[in-house]
Each structure stands twice: as structure tokens, then as C-alpha cells.
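Trainee: Now for the letters of each chain:
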Amino acid sequence: MPLSPMTEPMAAPPADAAPEPTLRVDGLKVGFGGSQTRLIAVEDISLHISPGRTLALVGESGSGKSVTSLAVIRLLAARGRIVSGRIALRDKAGAVRDLVELDEPALEAVRGNDLGMIFQEPMTSLNPVLTVGEQIAEPIRIHMGLSRRAAMQRAIEMLDRVGIPGAAERARQYPHEFSGGMRQRVTIAIALACDPVLLLADEPTTALDVTVQMQILNLLRSLQQQQGMAMLFVTHNFGVVAEIAHDVSVMYAGQIVEHGTVRQVLKTPRHPYTRGLLACVPQLGTASEHKKQATPLFSIPGMVPSLRDMPRGCRFAARCVHAEARCREATPALETTDTGNIARCIRWNEI
Amino acid sequence: MSEQTDFLSVRGLTKHYVQRGIGRRQTVHALDDVSFTVARGETVGLVGESGSGKTTIGRAILRLIEPTAGQVLLDGTDVTALSPRALRRFRKRMQYVFQDPYASLSPRMTIGEILTEGLVLQGVRGREKRRQMALDALASVDLPADALDRYAFEFSGGQRQRIGIARALVLEPELIVADEPVSALDVSVQAQTINLLRSLQQRNNLTMLFISHDLGVVEYVCDRIIVLFLGRIMEIASSETLLKAPRHPYTRALISAVPGLDPDADRSGQQVLQGDIPNPANPPSGCVFRTRCPHAIDRCAAEVPPLEEVEPGHFKACIRDV
Ligand SMILES: Nc1ncnc2c1ncn2[C@@H]1O[C@H](COP(=O)(O)OP(=O)(O)OP(=O)(O)O)[C@@H](O)[C@H]1O
Ligand SMILES: Nc1ncnc2c1ncn2[C@@H]1O[C@H](COP(=O)(O)OP(=O)(O)OP(=O)(O)O)[C@@H](O)[C@H]1O
Ligand code: SF4
Ligand code: SF4
Ligand SMILES: [Mg+2]
Ligand SMILES: [Mg+2]
Numbered sequence: 053m054p055l056s057p058m059t060e061p062m063a064a065p066p067a068d069a070a071p072e073p074t075l076r077v078d079g080l081k082v083g084f085g086g087s088q089t090r091l092i093a094v095e096d097i098s099l100h101i102s103p104g105r106t107l108a109l110v111g112e113s114g115s116g117k118s119v120t121s122l123a124v125i126r127l128l129a130a131r132g133r134i135v136s137g138r139i140a141l142r143d144k145a146g147a148v149r150d151l152v153e154l155d156e157p158a159l160e161a162v163r164g165n166d167l168g169m170i171f172q173e174p175m176t177s178l179n180p181v182l183t184v185g186e187q188i189a190e191p192i193r194i195h196m197g198l199s200r201r202a203a204m205q206r207a208i209e210m211l212d213r214v215g216i217p218g219a220a221e222r223a224r225q226y227p228h229e230f231s232g233g234m235r236q237r238v239t240i241a242i243a244l245a246c247d248p249v250l251l252l253a254d255e256p257t258t259a260l261d262v263t264v265q266m267q268i269l270n271l272l273r274s275l276q277q278q279q280g281m282a283m284l285f286v287t288h289n290f291g292v293v294a295e296i297a298h299d300v301s302v303m304y305a306g307q308i309v310e311h312g313t314v315r316q317v318l319k320t321p322r323h324p325y326t327r328g329l330l331a332c333v334p335q336l337g338t339a340s341e342h343k344k345q346a347t348p349l350f351s352i353p354g355m356v357p358s359l360r361d362m363p364r365g366c367r368f369a370a371r372c373v374h375a376e377a378r379c380r381e382a383t384p385a386l387e388t389t390d391t392g393n394i395a396r397c398i399r400w401n402e403i
Numbered sequence: 050m051s052e053q054t055d056f057l058s059v060r061g062l063t064k065h066y067v068q069r070g071i072g073r074r075q076t077v078h079a080l081d082d083v084s085f086t087v088a089r090g091e092t093v094g095l096v097g098e099s100g101s102g103k104t105t106i107g108r109a110i111l112r113l114i115e116p117t118a119g120q121v122l123l124d125g126t127d128v129t130a131l132s133p134r135a136l137r138r139f140r141k142r143m144q145y146v147f148q149d150p151y152a153s154l155s156p157r158m159t160i161g162e163i164l165t166e167g168l169v170l171q172g173v174r175g176r177e178k179r180r181q182m183a184l185d186a187l188a189s190v191d192l193p194a195d196a197l198d199r200y201a202f203e204f205s206g207g208q209r210q211r212i213g214i215a216r217a218l219v220l221e222p223e224l225i226v227a228d229e230p231v232s233a234l235d236v237s238v239q240a241q242t243i244n245l246l247r248s249l250q251q252r253n254n255l256t257m258l259f260i261s262h263d264l265g266v267v268e269y270v271c272d273r274i275i276v277l278f279l280g281r282i283m284e285i286a287s288s289e290t291l292l293k294a295p296r297h298p299y300t301r302a303l304i305s306a307v308p309g310l311d312p313d314a315d316r317s318g319q320q321v322l323q324g325d326i327p328n329p330a331n332p333p334s335g336c337v338f339r340t341r342c343p344h345a346i347d348r349c350a351a352e353v354p355p356l357e358e359v360e361p362g363h364f365k366a367c368i369r370d371v
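Here the protein sequences line up with chains A and B, keeping their order. Using my numbering, read the first sequence as starting at 53 and increasing by one per residue. Using my numbering, read the second sequence as starting at 50 and increasing by one per residue.
Just so you know, the hints here were simulated from the structure itself, not pulled from any lab data. Since we're looking at a predicted model, the values are computed, not measured. Backbone N, C-alpha and C define an ideal beta-carbon position, used for all residues, glycine too. The reader is advised that the hints may include incorrect statements.
Said to hold, decoys possible - The calculated lysine to any residue pairs, modelled on SDA-like cross-linking and capped at a C-alpha distance of 25 Å, are: (1) B:178 with B:167; (2) A:144 with A:186; (3) A:344 with B:287; (4) A:81 with A:143; (5) A:343 with B:253; (6) A:344 with B:178.
Claimed, not checked - Just a few of them, taken from the derived set where beta-carbon distance is under 8 Å, the chain A residues facing chain B: (7) 157; (8) 336; (9) 339; (10) 389; (11) 391.
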């Protein structure tokens, strides 16, 4: 099999022009624990990502970002279960399959092949006793059927592509001989080695320093332009969202509460939670004004509700300054707003 | 930097760790010749990337670790020269707030026990008095009195971090070293904690060394900022000046690497640093930043750039004017 060609750089297709998404999730609901004490961690999750586009899942700790992304690759912890929903992946051959229906051998043929993954802590996803070259070459041999030699050749090419100088020599080294940023480059090389259609990245830069984070974000952006994969990018950092994503879904307490293009959501947020979160972020260069006027930094009062004690109706109501009695009656539906954002708030029009 | 007004004075602080690698010994330069001062009531931020020596400075000032060289003077007392006994008594004047609100609070002790433990060690007599001091500390971090009889696991991350701050405040210290106190918190809770720290500064005339790798947070909390790279000071300036008119190439790169919230921002002027942070066991000669510096010239390798005052109160360690 020939090496996959480096495709021409291409601009991200617009949000609605691509009718055939790579990933389409419909009504995903995930629970944990036995049938008696089942806790619902996320519900009513629907999203789709087209080739060449990046969807960011953003939200605070415990909002369900990782559960959602782990469900997509069917790697939930032992006590986690997909209660309902559909996860349709259009694979390399163009065939659409519902990952929820696949058994473990079929999933193994998809993971690392059609589906690449990178996580927060690169060391945990690397094997300390294998050279990095061997670790990149392994999925290439398994999924692309290349010989040991050809696979190693491609592994070295991947190391070079992710910006590791002296790739041929570095391929013979072990993970502990790499810095944190370099290790994350290695996991990116592994994830992209088989030219996946979807790259799933769960907080891939959170453990890195800002100058290294910027390098990795730039690398991911340019690799996406070369390879054209769709990307699901999990982060809690809105600055990273602005840097890397085309579209964004904001999660709160296991639900998507707002969705739109990055520009729509960051510039004209319509859900009170999104507005609040954006206002909390200390923005560089603005503190001196705050200090002079002695105004505190905006903060959202209260805290995220517990899974065991999820309130009826709008889950954000206890912390929302706009809450009314009717907000607590039923779960607000996702509505399209004036700016084109989709927001789960019954009062978006009045506030 | 006059001696009288400096409440905290750090002089030539150096910390080397000797590590035995496979067959060879390595000296890790955690800190090299770090000097700065802090006035009473001032909050100074220490920023820098992982491994730049922020925690080492904080711990060496409180003498939780012994420096290899250098002096730390607090209100005229040489902390580095105190006998173990004298140090124990002196400790109550300086307290440490740890990063991890989960790991730093014992799960088997009530909040009341956690808060009064230090008071007992410092010989504060009278149960009732200690309880009252604990209550005052809780109130100052906006936690209810009934928290005293509860356990740490019953509190959220943000509340635990406030308990950690209350534990430091209960001894009525003059200096607090807060090591990444908001880094583990979500932004909404982080904002609450930043506001709390700011109001404590104003109410108690606390002197604080605030350690963080997040420039945005440091700008909010601190009067002045010290930028570190690989165990050395690169730049010192007021928060406003440092953000608006940074003079050191590293500070500029650091600011430029912080992702902003504007998706339309012009990224053409953005500086992306090449390469990795060098190995502290084998730091570059001369300027430690030179292997990543876009302005480096041959001369940068020759000697360590001195920290020079470029404007009143604004210091930088760079031989070039770029
Ligand atoms: N294995 C598990 N068993 C039980 N509950 C779980 C499990 N994994 C996750 N949860 C719960 O599901 C909810 C969502 O967790 P998730 O890990 O998706 O959050 P997250 O948004 O990724 O947060 P973070 O930013 O902290 O990574 C949380 O309430 C969490 O406690
Ligand atoms: N006990 C130790 N033995 C050997 N080296 C050490 C030890 N403690 C710290 N170091 C090294 O000293 C340097 C400075 O570490 P320090 O913890 O002060 O950095 P930091 O700026 O606080 O980083 P971080 O942001 O990761 O907390 C690092 O290179 C670190 O590996
Ligand atoms: S539905 Fe009501 S409580 Fe919920 S976010 Fe909207 S206004 Fe606030
Ligand atoms: S001294 Fe040289 S290498 Fe160091 S910051 Fe200045 S220009 Fe760059
Ligand atoms: Mg997560
Ligand atoms: Mg530290």
C-alpha cells in the first residue's frame, strides 16, 4: 500500500455546506452504576462534525465533556453504559456505521484507524518500554497492512511531520527521553499515523506550558489542513477554543446548553451560563482597569449541581440571575436564537 | 531598593539539586542567583513555565527547603540563619497555601481540627480562644461557622481552597506564599477565589507572594510581577507595565502565547517560540533563554545578562534592546 499522500492544504468548509458529516451523534445518553443506582452523566447530546472542521466541547469540570468523548470512541469505564443514542461515523471508505452497534473486535478495527485519539497526559498513553518509532509503526502495520520496514519508514515520516527534529534518530528513543511537549507530539503522530477521519482530543494541551500549548495548537491546525480530518476537541479553556475550533458546544451539568460557530458563541453568547463563563475569564491586559475602579472580577455564584441531585427544569436555574418559576418546570429545549446560536434557555429573547 | 522599606528581601537565592543519574551525577539548577524585594502590604506574582523555579523560591523563603546559597530577610530577620528552634517560632509569621485543595487537607480531621492544629503547635493556649480564631478565619474566607465540625470531603474544590487559605490566615501571618492557589479550580470558582484574595489583601494589609503560571490571573491579583525562566529572573515590573510594555523577549513571548477570547484576533504578529524549555541539569551558557530567543546573538552565550533597571522599578535581564 502506498503512503497516504499529503493532500493540498484546504480551507475549512463552511458550517452548513457539508451535508455529509464525519461524525453525527444523536440523542446520546450515558449512565454509570448498576441498574438500581444508575446515574445519568450526560443526556440529549446531539452534535455533528464535517471533514476539516473542529468542534470544541467546552464546560467546567464534571460537565460531561470526557464522558461524551469517551462514549463516542466506546471507551467508557467499566460501569459506564450508553443508555440510548446513535453515534454515526463515516469511515475512510465512506461507509456510515453506528458505533453503538459495533462489538469490541469491530471497534478495535476502527480505533487508531478511522478514529485517532489524544489525551491530556501523554505519558499515560505511551508505552514506556517501546521506542516511540515502534509505537507509531504498530497501528500502521495492523491497520494499513504495511511491512515492519515500511511501517517504520512511515513512523519516521510522521515524527517529522509533527515537528520532531532528527526524526530517524528520535524514533529509536523511549518516551522518557522526550519532554512533555515532545511526548504530546508523539501521541499526535500515533493518532494521525493511519490518516483517521476523526481525531478526538481530550484536553491535549491542558498539561502543557502556554508557549508549548501554542506550538501544539498550531501543529494540530496545520495537520488538519493537510489531512482534512474532523476534530472533536475537549477543553475547559475558551481561549483555546478561540484558537483552534470552528464550532463550539457548551456543556453544563451533562447537557449541551449552547451551540454555534466560535464567533457566534464567543461574541454573541445567548445562554446566561455561557455569558457568565466568558465574563469570569481574567483577560490579559484588563486587570489594571478593574483595579483602578475597584470592581471585582465577575463570578457565577453557587456551584454545579450533583448528578445524584439534578434539579428539575433548567439545571442552571439555581445560579442564574434571570431564573423565574417557569424555568424550573421543564427542561428547556434547544432553541435557535436571533444570532443563529442554539441555546437551551426559555428566556434568551428577554435578557 | 532601600533596606528600611523592604519587608521581604531575597538575595542571591540559589538552589541546586544533585541527582544521581545512570552512572553520572547531575546538578539541577532549580534557582540561580535570584534577588528581589517585596514591600509590606504588597502582592508580588511569580510567573514562569513549569520547572522555572517558582515553588523552589516559595519553599526556600519559608525555609521548607534549605537553599544552596543566598539569604532571605523577613522584616530584618535572616530566615536562612535561624536555628531550628527559632525557625519554628518564626514560622507563624509566614504561611504557605498549597495548590491542591484535595491533597493538602487531611480527610480524617474536621475543618476545626485542621484550622487549630497550627495554633496548638504555635502554643496558643485555651480551647475557646483557638476555636474563636478558627471561626474568625472561616468568616474571613466567607465560610459558615458550621463548617468547623465537618470534613474536607464535604466541600467543593473552591470551598476547600478557601479552607486552605483560612488555615494560613488563622495564625495571622505577615507573609503568605500562595502556590498556584487557583490553578486547580474552574473559572467561575477561580474568579470567586481571586476576588477573595483581593479583599483579604485590602482588609489585612497582607504581604503576599503569589505563584502562578497563568499571567491573566497574576495580573488580577498582583501589584508587581516577576517573570522567571529556568531558575533565573528575566523581568520585574508593575503588573500594568509588564503587560502593556514588556521589555524582555521571553515576557513578550509568554504574553503572546496566552490564547485570547477573540476568534477574529490578528494572529500574524503572534510569536511562537521554537523548541523546548532546556534541561535544568544542563542550562545554556550565558542567557538561559537564548536557545528559544528569536533575538539571540553570539554575545548572548558569553555571559549571564545582569538584571538591570531600565526604568524606575522596571528590571530586565537581557543584553539587547529589542
Ligand atoms: N466512571 C465513572 N463512574 C461514575 N461517574 C462518573 C464516571 N466517570 C465520570 N463520571 C461522572 O460523570 C460526570 C461527567 O464527568 P466527565 O469526566 O465527563 O467531566 P468533564 O467535563 O470531562 O470534566 P473535567 O473537566 O474535570 O475533565 C461527572 O459528574 C463525573 O463524576
Ligand atoms: N527535590 C528535587 N530534586 C531534584 N530536582 C528538583 C527537586 N525539586 C525541584 N526540582 C527541580 O527544580 C526545578 C524547579 O522546580 P520548581 O518546582 O520550583 O518549578 P515550578 O516553577 O514550581 O514548576 P511548576 O510550574 O511545574 O510547579 C525543576 O527543574 C525541578 O525538576
Ligand atoms: S431557562 Fe431560566 S434559569 Fe435557565 S438559563 Fe434561561 S433564564 Fe436562566
Ligand atoms: S540576552 Fe540575548 S538571548 Fe537572552 S533574551 Fe536577550 S537577546 Fe535573547
Ligand atoms: Mg474531562
Ligand atoms: Mg510549582
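Trainee: Against this structure, judge whether each hint is valid.
Mentor: We went through each hint and held it up to the structure:
{"no.": "1", "hint": "B:178 with B:167", "result": "holds, 13 Å"}
{"no.": "2", "hint": "A:144 with A:186", "result": "holds, 24 Å"}
{"no.": "3", "hint": "A:344 with B:287", "result": "holds, 14 Å"}
{"no.": "4", "hint": "A:81 with A:143", "result": "holds, 23 Å"}
{"no.": "5", "hint": "A:343 with B:253", "result": "holds, 17 Å"}
{"no.": "6", "hint": "A:344 with B:178", "result": "violated, 38 Å"}
{"no.": "7", "hint": "157", "result": "violated, 39 Å"}
{"no.": "8", "hint": "336", "result": "holds, 5 Å"}
{"no.": "9", "hint": "339", "result": "holds, 4 Å"}
{"no.": "10", "hint": "389", "result": "violated, 18 Å"}
{"no.": "11", "hint": "391", "result": "violated, 14 Å"}
When held up to the earlier numbered hints, the structure conflicts with 6, 7, 10 and 11 and fits the remainder.
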